[in-house]
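Peer 1: Listed in order, the protein sequences are those of chains L, G and A. For the first sequence, our numbering gives the first residue as 90, with consecutive numbering after it. For the second sequence, our numbering gives the first residue as 90, with consecutive numbering after it. For the third sequence, our numbering gives the first residue as 90, with consecutive numbering after it.
Treat the hints as calculated values from the structure; they're not laboratory data. Misleading hints may appear alongside valid ones.
It does not matter which identical chain is meant; a pair holds if it fits inside one copy or across any two.
[Stated by the list, open to error] No farther apart than 20 Å at their CA atoms in a straight line, the calculated lysine to any residue pairs in the SDA-like style are these:
{"id": "1", "residue 1": "K96", "residue 2": "M186"}
{"id": "2", "residue 1": "K159", "residue 2": "S122"}
{"id": "3", "residue 1": "K151", "residue 2": "D175"}
{"id": "4", "residue 1": "K96", "residue 2": "W173"}
{"id": "5", "residue 1": "K151", "residue 2": "Y168"}
{"id": "6", "residue 1": "K154", "residue 2": "G104"}
{"id": "7", "residue 1": "K198", "residue 2": "H107"}
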Amino acid sequence: MLELSTKTISLSTDGFNHIINITPQLEKFLRESDFVEGTMLVFVPGATAGITTIEFENGLVKDLKDFFEKLVPMNGHYYHNDTWHDGNGYAHVRAAMLKPNLLIPFANKRLCLGTWQQVVLIDFDNRPRKRELVLQLTGKLAFDGSD
Amino acid sequence: MLELSTKTISLSTDGFNHIINITPQLEKFLRESDFVEGTMLVFVPGATAGITTIEFENGLVKDLKDFFEKLVPMNGHYYHNDTWHDGNGYAHVRAAMLKPNLLIPFANKRLCLGTWQQVVLIDFDNRPRKRELVLQLTGKLAFDGSD
Amino acid sequence: MLELSTKTISLSTDGFNHIINITPQLEKFLRESDFVEGTMLVFVPGATAGITTIEFENGLVKDLKDFFEKLVPMNGHYYHNDTWHDGNGYAHVRAAMLKPNLLIPFANKRLCLGTWQQVVLIDFDNRPRKRELVLQLTGKLAFDGSD
């Protein structure tokens with residue numbers, strides 16, 4: 090028999106492709122819950138940010154920023170900017186490609202991540218932002234008599 | 090105690106990177122169900138289309154088409170075209186990158202999307218297509234005595 | 090009433106963007122289970138591999154390798170390489186973009202994939218690797234009296 094639990098966590102970002110390691114918050118949510126086996130959904134509402142996993146070290150963080158800048162330059166021409174004149178068209182394109190969701194399995198009350206693999210939020214927007222991430226645990230509880 | 094419900098929805102696309110806002114269909118499925126909290130999976134069977142979220146406005150739709158054309162040009166050389174001679178190798182590469190799935194949390198019977206964030210199907214194929222999307226709700230029902 | 094089942098499968102890869110069709114293993118896991126309707130999560134722990142779907146034929150496999158090489162060249166400069174000197178910075182960037190997870194619905198005990206759509210692991214690392222993929226089934230069992 091399965092259960093489900095939803096939580097939101099608040100984050101302040103610097104924008105401008107700020108890459109934030111959110112793994113500690115995910116591990117805390119799991120540790121303080123009664124879930125032992127299942128999946129954790131991580132979702133960032135909004136159209137200018139995304140979620141993925143990386144080895145969170147300074148070199149790779151720079152590489153990833155360089156990659157996105159080369160792929161979708163901040164100062165390129167975007168029709169979206171003609172619509173709203175807020176200059177973050179690049180952020181929308183990057184976020185559409187990276188997508189706002191990630192699903193991670195857990196077992197024995199631990200996220201099934203690799204040793205050097207962390208979960209990160211990337212905020213592509215061109216200003217500091219408050220973000221409210223949605224986390225959802227679905228799975229089996231400890232001491233579930235039905236199992 | 091959780092339940093699950095599966096539905097397919099049919100869409101006609103123009104192909105050629107047609108970007109379709111499917112948020113109304115997703116909201117309808119949720120509204121007409123008994124689910125109040127959980128996750129909605131959106132999946133497009135087929136290897137030439139993908140699902141993501143964007144702010145659905147004309148400028149950004151153009152930007153996203155331009156982005157994919159620059160990244161994986163329709164008229165580039167693709168070995169896949171040598172295999173089948175149907176000329177949609179570019180569509181396969183784009184779809185492999187964007188992926189056919191998206192998972193969105195919902196709570197209080199509402200999808201946890203940002204104010205300007207819509208869910209879109211992008212059909213990369215080089216002809217009009219019929220698509221049968223699979224939607225799945227997993228979560229808690231209203232008036233669930235066990236909760 | 091829903092249930093959940095977790096399994097790991099071991100794969101040996103050649104590294105260097107080895108693309109492996111893992112659909113048979115996924116179908117076997119589903120077939121040998123009691124699940125009839127739900128979702129299958131596929132997740133690869135580690136920061137240098139990803140999961141997606143493609144039409145698995147030689148031409149497209151070549152196209153996809155060419156695409157990643159053009160997008161994130163193996164011999165480019167990566168700060169990550171300055172940190173560890175293991176030369177796989179490119180693999181980390183590609184994996185961050187493709188992401189390690191995929192969620193596939195199933196119904197009537199069959200994965201809802203397109204006729205020509207297979208699930209693949211792409212190992213971007215620059216050496217052969219052992220990978221332990223995590224598979225999770227969530228959904229309804231056959232002969233579930235509560236349904």
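Peer 1: Hints first: check each against the structure and report whether it holds.
Peer 2: For each hint, the structure was consulted:
1. For a Cα distance limit of 20 Å, the shortest separation of K96 from M186 qualifies neither inside one copy, at 25 Å, nor across copies, at 26 Å.
2. Taking CA atoms no more than 20 Å apart as the test, K159 paired with S122 passes in neither setting, with 41 Å inside one copy and 44 Å between copies.
3. In the homo-oligomer, the alpha carbons of K151 and D175 lie at most 20 Å apart only across protomers (17 Å), although the nearest pairing inside one protomer, at 25 Å, exceeds that limit.
4. With identical chains, the CA atoms of K96 and W173 are never at most 20 Å apart, being 32 Å at best within one copy and 36 Å at best between copies.
5. Proximity of K151 and Y168 under a CA criterion of 20 Å is satisfied inter-copy only: 7 Å between copies versus 28 Å inside one chain copy.
6. In this homomeric assembly, K154 and G104 come within 20 Å of each other (Cα to Cα) only inside a single copy, at 12 Å, whereas the closest approach across copies is 25 Å.
7. Taking the shortest Cα distances, K198 and H107 never come within 20 Å of each other, neither inside one copy (29 Å) nor across copies (32 Å).
Violated hints, listed in ascending order, are 1, 2, 4 and 7; each of the other numbered hints is respected by the structure.
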